[in-house]
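So the chains spell out like this:
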Amino acid sequence: MTRGTDRAGTRRLDAGGTYVLLMVLAVLFAGPFAWLVLGALKKQTEWVAIPIHFLPEAPQWSNFTEAFTRVNFLAYTANSLFLSATYAILVTFSSAAVGFGFARLKGPGKRPLFMVLLSTMMLPSILTLIPTYVLYSRLGLVNTYWPWVLWGLAASPYLVFLFRQFFAAIPRDLEDAAIIDGCGYGRIFARIFLPLSRPVLLTSFLLSFTWIWGDYLAPALLLDIDHTTLSVAITQSYRDPHGNYIPTVQAAAAALYVVPVMLIFFFTQRYFVRSVVMSGVKG
Amino acid sequence: MADVVAEQVRGTAPAGRLHPGRAVPRPRRRWSRYSGRTFYLFVSPWVLGFLLLTVVPLGYAFAMSLTNFDGSSSLWRWVGLRNYRELLQDSAAWSSLVRTLVYTAIVVPLSVAIALGLAVLLNRRLRAVGLFRTVFFLPSVVPVVATAIMWKLVFNRDAGLLNAILERLGVGAVTWLVDPTAFYALIILTLWGLGGGMVIMLAALQGVPVELEEAAVVDGAGRWRVFWHVTVPMISPVIFFQIVTGVIMSFQVLVQPLLLAETNSIGAVTNVPSSTHLYMVQVYQEYFANQRFGYGSAMLWVFFLIILIITVLVQRSSRFWVYYEVDRDERD
Numbered sequence: 001m002t003r004g005t006d007r008a009g010t011r012r013l014d015a016g017g018t019y020v021l022l023m024v025l026a027v028l029f030a031g032p033f034a035w036l037v038l039g040a041l042k043k044q045t046e047w048v049a050i051p052i053h054f055l056p057e058a059p060q061w062s063n064f065t066e067a068f069t070r071v072n073f074l075a076y077t078a079n080s081l082f083l084s085a086t087y088a089i090l091v092t093f094s095s096a097a098v099g100f101g102f103a104r105l106k107g108p109g110k111r112p113l114f115m116v117l118l119s120t121m122m123l124p125s126i127l128t129l130i131p132t133y134v135l136y137s138r139l140g141l142v143n144t145y146w147p148w149v150l151w152g153l154a155a156s157p158y159l160v161f162l163f164r165q166f167f168a169a170i171p172r173d174l175e176d177a178a179i180i181d182g183c184g185y186g187r188i189f190a191r192i193f194l195p196l197s198r199p200v201l202l203t204s205f206l207l208s209f210t211w212i213w214g215d216y217l218a219p220a221l222l223l224d225i226d227h228t229t230l231s232v233a234i235t236q237s238y239r240d241p242h243g244n245y246i247p248t249v250q251a252a253a254a255a256l257y258v259v260p261v262m263l264i265f266f267f268t269q270r271y272f273v274r275s276v277v278m279s280g281v282k283g
Numbered sequence: 001m002a003d004v005v006a007e008q009v010r011g012t013a014p015a016g017r018l019h020p021g022r023a024v025p026r027p028r029r030r031w032s033r034y035s036g037r038t039f040y041l042f043v044s045p046w047v048l049g050f051l052l053l054t055v056v057p058l059g060y061a062f063a064m065s066l067t068n069f070d071g072s073s074s075l076w077r078w079v080g081l082r083n084y085r086e087l088l089q090d091s092a093a094w095s096s097l098v099r100t101l102v103y104t105a106i107v108v109p110l111s112v113a114i115a116l117g118l119a120v121l122l123n124r125r126l127r128a129v130g131l132f133r134t135v136f137f138l139p140s141v142v143p144v145v146a147t148a149i150m151w152k153l154v155f156n157r158d159a160g161l162l163n164a165i166l167e168r169l170g171v172g173a174v175t176w177l178v179d180p181t182a183f184y185a186l187i188i189l190t191l192w193g194l195g196g197g198m199v200i201m202l203a204a205l206q207g208v209p210v211e212l213e214e215a216a217v218v219d220g221a222g223r224w225r226v227f228w229h230v231t232v233p234m235i236s237p238v239i240f241f242q243i244v245t246g247v248i249m250s251f252q253v254l255v256q257p258l259l260l261a262e263t264n265s266i267g268a269v270t271n272v273p274s275s276t277h278l279y280m281v282q283v284y285q286e287y288f289a290n291q292r293f294g295y296g297s298a299m300l301w302v303f304f305l306i307i308l309i310i311t312v313l314v315q316r317s318s319r320f321w322v323y324y325e326v327d328r329d330e331r332d
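Chains A and D, in that order, are what the protein sequence lines are.
Going by this note's numbering, 264 is the number at position 264 of the first sequence; the sequence numbering is gapless.
Going by this note's numbering, 182 is the number at position 182 of the second sequence; the sequence numbering is gapless.
Do not rely on the hints blindly, as some may be mistaken.
[Stated by the list, open to error] Distance condition first, Cα-Cα at most 25 Å in a straight line; then the derived DMTMM-like pairs of lysine to aspartate or glutamate:
| id | chain 1 | residue 1 | chain 2 | residue 2 |
| --- | --- | --- | --- | --- |
| 1 | A | Lys106 | A | Asp173 |
| 2 | A | Lys43 | D | Asp158 |
| 3 | A | Lys106 | A | Glu175 |
| 4 | A | Lys106 | A | Glu57 |
| 5 | A | Lys43 | D | Glu167 |
| 6 | A | Lys43 | A | Glu57 |
[Unchecked claim] Rough simulated footprint, nothing fancy, chain A against chain D, three-plus residues with beta-carbon under 8 Å:
| id | stretch |
| --- | --- |
| 7 | 56 to 64 |
| 8 | 73 to 86 |
| 9 | 125 to 136 |
| 10 | 157 to 164 |
| 11 | 224 to 232 |
| 12 | 293 to 305 |
Derived by calculation from the structure, the hints in this document are not laboratory data.
Note that the structure is predicted; figures quoted are calculated from it, not measured.
Glycine residues also receive a C-beta, built at the ideal position from the N, C-alpha and C atoms.
Same shape as in the complex, but just chain A (with noise of 0.2 Å):
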């Protein structure tokens, strides 16, 4: 008896300590967040000022609606959005397509191209941009959004490796039947396979457009300041006649830019997670 309640004591103590060192570690990882937000809604002053002060004495919102007229952000945003929508469609469906080959058709030379694939998942985007930065700029392609449609037809390793899996799982006798009844491979494709992968398919988008949306490097490297993302607009365009930076702006800017990948985020978390889990333990 009084080990039983000893027991269940320890047991108590022991969820207690966790979550203290849960609660410090929580406030540790969303530190940085709260800083932004405070930082945005803080005059100049206020954020220069001697001590440094924790809280806005009265939130600026002005910070934000300067965030939208400083700088053209709405047409940055536009940009952002449209780059992030066409690579995510695109990519979305040539991956789709190449899973479907590699978990469905054979060919000759499948495993060895499936191994060539799994090792590009290893390859550093950095080692090719700064190439086809020069290639593309001998070419014409600098300053057009074209490269961002190449990579989309082109299909992601690491896409084509979600898709493979999901694929491979389904049963054969679907696709059998659909032959017997002189189904072309197409078809049992885009009619059997992609209705079945919507929750792929949506996996897919979301990760694929938040990968361009976070993106800095290929638009700072390809696009210039008007034609550029709002990623690489929010890191050199909020500045004061000297060329210093506003940091309360910026903030507000830097916010707003967030919000939608913790939008997307909170809404689909379970894809989130899964695409991260999938790519994590099956390499």
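Given the coordinates of chain A, assemble chain D onto it according to the supplied hints.
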């Protein structure tokens, strides 16, 4: 989470092998030839993309690495392996490589260990675990630009959160984003994004059969022994994979040092403090600040070979730690 793992497990079943549908006789040879063409039709986007957008740029970079091309002028010529020979004696390049190795050696073990620790904490039946998981995972989906802006505000000398706290504690303000502390700032920023790894570890932990751990407890093993001798070996493939991807990720770090240093244009890479001047930063500088496209390409190729060696080593050892689902019967 559990359904995620279940799906993983289902995904590993050899596809459709047990289906009676296969027994249906069909015109074999014609079908397989048709099928082979269809296979190539379906995978052609990736094959063409790989050739045109990966192989061609890499080959172009190799060609550039044999020249003294400056990025714009047409007065370039072939210089053979001179760039590579110069690289062997380039102390700036070597020290940036060493710095990258040090950075990797600190960041990878720390982030894997912390991710595993967090996953263990969150794998317990506690209330509000989902909330904590979200808080820890969220930073890993924040775009790099926003991450850099946030941490620049935190590390700001006169108005930063960190110095605000340090001053309250009576410690003087620290100028974080200059040498040598910028290096630690970069490490903290990197560790902040370890949530992706944590989620993977969590899924792996939930895939460990409870019976195994219970059996060990029945046999009298303490909590730590169960963890080290049952749990960790069971999830070792995942840990190993995390280490490999972590190493490759930290080798290519470029944007974070650039943005932390307030480089506001492509050429302004010289602002990056030398303690965060990693290998890729050095490459970037050779290309865009020094206009040495040939030399930068040579550096890029050396980096490519390093990655290639790591990848080959990993693939050679992969059969020991991960099961890729490629059906051996479908090799034709």
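We went through each hint and held it up to the structure:
With a C-alpha separation of about 17 Å, the suggested pair Lys106/A and Asp173/A falls inside the 25 Å cut-off, and the hint holds. Between Lys43/A and Asp158/D the CA atoms are separated by roughly 15 Å; this keeps the pair inside 25 Å, and the hint holds. The straight-line distance between the Cα atoms of Lys106/A and Glu175/A is roughly 14 Å, inside the 25 Å bound, and the hint therefore holds. At most 25 Å may separate the alpha-carbon atoms for a hinted pair to count; Lys106/A and Glu57/A exceed this at roughly 67 Å.
Between Lys43/A and Glu167/D the CA atoms are separated by roughly 21 Å; this keeps the pair inside 25 Å, and the hint holds. Note on Lys43/A and Glu57/A: the hinted pairing holds, with a Cα-Cα distance of about 9 Å set against a maximum of 25 Å. Figure legend: the stretch 56 to 64 of chain D, annotated as covered by chain A; annotation consistent (6 residues with Cβ-Cβ distances under 8 Å, at least 3 required). Using a Cβ-Cβ cut-off of 8 Å, 0 residues of the stretch 73 to 86 of chain D lie near chain A, which falls short of the minimum of three, so the contact claim is violated.
As drawn, the stretch 125 to 136 of chain D meets chain A at 5 residues by the rule of a beta-carbon pair under 8 Å; at three or more, the given contact holds. Counting residues of the stretch 157 to 164 of chain D whose beta carbon lies closer than 8 Å to any beta carbon of chain A gives 6, which meets the minimum of three for the stated coverage. Only residues whose C-beta sits within less than 8 Å of a C-beta in chain A count toward coverage, and the stretch 224 to 232 of chain D has 0 of them, not enough to reach three; the restraint is violated. Counting residues of the stretch 293 to 305 of chain D whose beta carbon lies closer than 8 Å to any beta carbon of chain A gives 6, which meets the minimum of three for the stated coverage.
Figure legend: structure checked against the earlier numbered hints; hints not met, in rising order: 4, 8, 11.
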